Amino acid sequence: MKLECKHVWEHISEYIDGSVDAKLREDIERHLEHCEICSAILDSTRNILILTADDRTFELPVGYSERLHERLAKELKSAEKDSEKE
Amino acid sequence: MEMTRTKEAGLIARILTGEKELFHELIRPYERMVYLTLFSIVRNETEAEDGAQEAVISAYRHLASFRGDAKFSTWLTTIAINEGRKRLRKAKGAAEDSIEEKEESHEGDYTPAPLTDWREIPLEALERKELREALRGAVAELPYIYRQVLTLRDLEELNIEETAEALGITTGAVKVRLHRARMMLQKRLVPYLKTTAPARRSFFGRAL
Ligand SMILES: [Zn+2]
Chain F
261 MKLECKHVWE HISEYIDGSV DAKLREDIER HLEHCEICSA ILDSTRNILI
311 LTADDRTFEL PVGYSERLHE RLAKELKSAE KDSEKE
Chain Y
302 MEMTRTKEAG LIARILTGEK ELFHELIRPY ERMVYLTLFS IVRNETEAED
352 GAQEAVISAY RHLASFRGDA KFSTWLTTIA INEGRKRLRK AKGAAEDSIE
402 EKEESHEGDY TPAPLTDWRE IPLEALERKE LREALRGAVA ELPYIYRQVL
452 TLRDLEELNI EETAEALGIT TGAVKVRLHR ARMMLQKRLV PYLKTTAPAR
502 RSFFGRAL
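Chains F and Y, in that order, are what the protein sequence lines are. Going by the working numbering, 327 is the number at position 67 of the first sequence; the sequence numbering is gapless. Going by the working numbering, 480 is the number at position 179 of the second sequence; the sequence numbering is gapless.
Derived from the structure by calculation, the hints contain no laboratory data. Quick caveat, the model's predicted, so the values are computed rather than measured. Check the hints yourself; a few may be wrong.
What the hints assert, rightly or not - Which chain F residues face chain Y? A few, computed with CB under 8 Å, are given here:
#1 I297
#2 N307
#3 T317
#4 Y324
#5 R331
#6 L336
Said to hold, decoys possible - With a cut-off of at most 35 Å between alpha-carbon atoms, the simulated DSBU-like pairs for lysine-lysine come out as follows:
#7 Y:K308 x F:K334
#8 Y:K476 x Y:K430
#9 Y:K391 x Y:K495
#10 Y:K391 x F:K337
#11 Y:K488 x F:K262
#12 Y:K391 x F:K334
#13 Y:K372 x Y:K488
#14 Y:K391 x F:K283
#15 Y:K391 x Y:K430
#16 Y:K495 x F:K266
#17 F:K337 x Y:K387
#18 Y:K372 x Y:K391
#19 Y:K476 x Y:K308
#20 Y:K321 x Y:K372
#21 Y:K476 x Y:K387
#22 F:K341 x Y:K321
#23 Y:K308 x F:K337
#24 F:K283 x Y:K372
#25 F:K341 x Y:K476
#26 F:K283 x Y:K495
#27 Y:K387 x F:K334
#28 F:K334 x Y:K321
#29 F:K262 x F:K283
#30 F:K337 x Y:K372
#31 Y:K321 x F:K337
#32 Y:K387 x Y:K372
#33 Y:K488 x F:K266
#34 F:K283 x Y:K488
#35 F:K266 x F:K283
#36 Y:K372 x Y:K393
#37 Y:K488 x Y:K391
#38 Y:K308 x Y:K387
#39 Y:K488 x Y:K476
#40 F:K341 x Y:K308
For every residue, glycine included, the Cβ atom is placed at its ideal position computed from N, Cα and C.
Work out the full structure: start from the sequences and follow the hints.
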């Protein structure tokens with residue numbers, strides 16, 4: 261079966277995740293071989309997702325981890341006191 | 302990075318029988334995940350950090366109710382989502398949730414941008430603040446339900462089933478939202494895909 265570009269676009273996300281079935285995968289791959297536009301959409305989407313997922317893109321606030329563990333330490337201590345009282 | 306499930310289960314058992322200090326170790330691999338979940342909902346650094354602390358404390362207090370049938374990361378994400386939603390409601394009034402949920406039924410344009418001439422953006426380009434801001438901005442602009450699914454799936458790397466479980470939606474809904482989120486993101490970042498090459502320089506270091 262020959263796929264139209266629009267049909268390929270509908271499955272790009274699932275194709276990236278590797279969750280399309282074998283038959284569809286084959287059809288998509290055959291389409292990609294000769295369609296520059298769909299290949300560019302697929303590759304650029306992958307490119308964007310890799311960049312977005314990079315730790316540098318969404319940085320944690322400076323000192324976040326330290327403050328989190330400080331707060332947690334306080335909580336653990338106060339829970340200890342509570343159990344001593346009982 | 303993720304601890305093996307057996308090691309994690311062992312840690313949890315020891316914490317529950319009194320070795321409370323080990324909770325620090327249990328939570329460490331998930332600090333980033335908890336923060337990103339909160340940030341995807343509240344979209345404010347201070348609010349996200351406060352919420353992340355609350356979520357972690359809450360996870361500690363309720364650890365005894367954690368059942369080993371779910372993954373600890375999924376369970377923790379659910380707590381983080383609830384904390385985020387609570388904060389959002391407080392900040393914006395109860396109407397927000399119902400408005401946001403409707404977006405899914407709207408017919409929008411979720412087609413990707415067709416590109417013929419584009420250049421791959423290399424990872425080194427992330428050294429540029431402008432690009433990082435553009436990426437964050439593109440995610441921040443996604444409607445709530447899409448932003449949330451994209452964050453869990455693509456930033457925190459939960460799988461489809463875990464994402465569905467954490468959000469309390471079907472795997473089908475996760476796939477639809479994820480597809481739309483990714484396509485919107487690709488479309489918004491087209492200007493960067495077309496102009497990422499740095500200005501070419503002559504032998505004398507001047508831009509041509
Ligand atoms: Zn095509």
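Checked hints:
no.	hint	in the structure
1	I297	holds, 5 Å
2	N307	holds, 5 Å
3	T317	holds, 5 Å
4	Y324	holds, 6 Å
5	R331	holds, 5 Å
6	L336	holds, 5 Å
7	Y:K308 x F:K334	holds, 25 Å
8	Y:K476 x Y:K430	holds, 31 Å
9	Y:K391 x Y:K495	violated, 41 Å
10	Y:K391 x F:K337	holds, 30 Å
11	Y:K488 x F:K262	holds, 26 Å
12	Y:K391 x F:K334	holds, 26 Å
13	Y:K372 x Y:K488	holds, 34 Å
14	Y:K391 x F:K283	violated, 49 Å
15	Y:K391 x Y:K430	holds, 32 Å
16	Y:K495 x F:K266	holds, 22 Å
17	F:K337 x Y:K387	holds, 27 Å
18	Y:K372 x Y:K391	holds, 29 Å
19	Y:K476 x Y:K308	holds, 31 Å
20	Y:K321 x Y:K372	holds, 20 Å
21	Y:K476 x Y:K387	holds, 26 Å
22	F:K341 x Y:K321	holds, 13 Å
23	Y:K308 x F:K337	holds, 25 Å
24	F:K283 x Y:K372	holds, 32 Å
25	F:K341 x Y:K476	violated, 47 Å
26	F:K283 x Y:K495	holds, 33 Å
27	Y:K387 x F:K334	holds, 24 Å
28	F:K334 x Y:K321	holds, 12 Å
29	F:K262 x F:K283	holds, 12 Å
30	F:K337 x Y:K372	holds, 27 Å
31	Y:K321 x F:K337	holds, 9 Å
32	Y:K387 x Y:K372	holds, 23 Å
33	Y:K488 x F:K266	holds, 15 Å
34	F:K283 x Y:K488	holds, 28 Å
35	F:K266 x F:K283	holds, 18 Å
36	Y:K372 x Y:K393	holds, 32 Å
37	Y:K488 x Y:K391	holds, 33 Å
38	Y:K308 x Y:K387	holds, 32 Å
39	Y:K488 x Y:K476	holds, 18 Å
40	F:K341 x Y:K308	holds, 29 Å
Of the numbered hints stated above, those contradicted by the structure are hints 9, 14 and 25, listed in ascending order.
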